[in-house]
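Trainee: Sequence:
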Amino acid sequence: MTVLSLPSLIPLGRRAGLLILLAGLAACSHLPHMGNGATTPAVDEGRLVLDTIAYAQKTAAASPDTQRRELNEAQQAFGREHSATNRLRYGTLLALPTLTLEDEGRAAAILEPLTATGNGPVRQFAGLLLAQVTDRVREKRRSTQLKEQLAQLKAIERQLIDRGKAGK
Numbered sequence: 001m002t003v004l005s006l007p008s009l010i011p012l013g014r015r016a017g018l019l020i021l022l023a024g025l026a027a028c029s030h031l032p033h034m035g036n037g038a039t040t041p042a043v044d045e046g047r048l049v050l051d052t053i054a055y056a057q058k059t060a061a062a063s064p065d066t067q068r069r070e071l072n073e074a075q076q077a078f079g080r081e082h083s084a085t086n087r088l089r090y091g092t093l094l095a096l097p098t099l100t101l102e103d104e105g106r107a108a109a110i111l112e113p114l115t116a117t118g119n120g121p122v123r124q125f126a127g128l129l130l131a132q133v134t135d136r137v138r139e140k141r142r143s144t145q146l147k148e149q150l151a152q153l154k155a156i157e158r159q160l161i162d163r164g165k166a167g168k
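Going by the working numbering, the residue at position 16 of the sequence shown is 16; the numbering climbs one at a time, nothing skipped.
Treat the hints with care, since some could be wrong.
Stated by the list, open to error - DSSO-like, lysine-lysine: derived pairs with alpha carbons at most 27 Å apart:
#	residue 1	residue 2
1	K154	K165
2	K140	K154
3	K140	K58
These are computed hints drawn from the structure, not numbers from a lab.
Working from the sequences, and respecting the hints, build out all of it.
Mentor: Listed below in structure tokens is the structure:
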């Protein structure tokens, strides 16, 4: 009985071609699966972030009534389905620094879960918004603290002026 080895079964030219084909397939193994012409999740996340930015710009430039209407629609959509899309849209509107929409506490609560998972564009954008919201909260606290200190200094100044008038 004769045992045939792989080299004797496949001619040298075909072995080289097969080796090149396998090396090419191995090199492509790290690429995401495209499926039935569908886009990859990273592309979808990138598109979601771009669409959300465009939506936020349009809403920020709108009238206060339109801003409130868009915020209510985003809130209702998020209430129906807590998807990343609805969460990002609602959180972005809440994070807008406009007098009509701004709500840092709710924005942080809505955006925080998006920063906990993944490493794509949605997480990065949510992290950016969350950092901006956190900075605004800190600055508002600092502003309030400084206003209180100013009020205290003015009260002390009035007391000193009153004492000076009473001593004369």
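Trainee: Run every hint past the structure and note whether it holds.
Mentor: Going down the list of hints, with the structure as the test:
no., hint, verdict
1, K154 <-> K165, "16 Å, holds"
2, K140 <-> K154, "21 Å, holds"
3, K140 <-> K58, "26 Å, holds"
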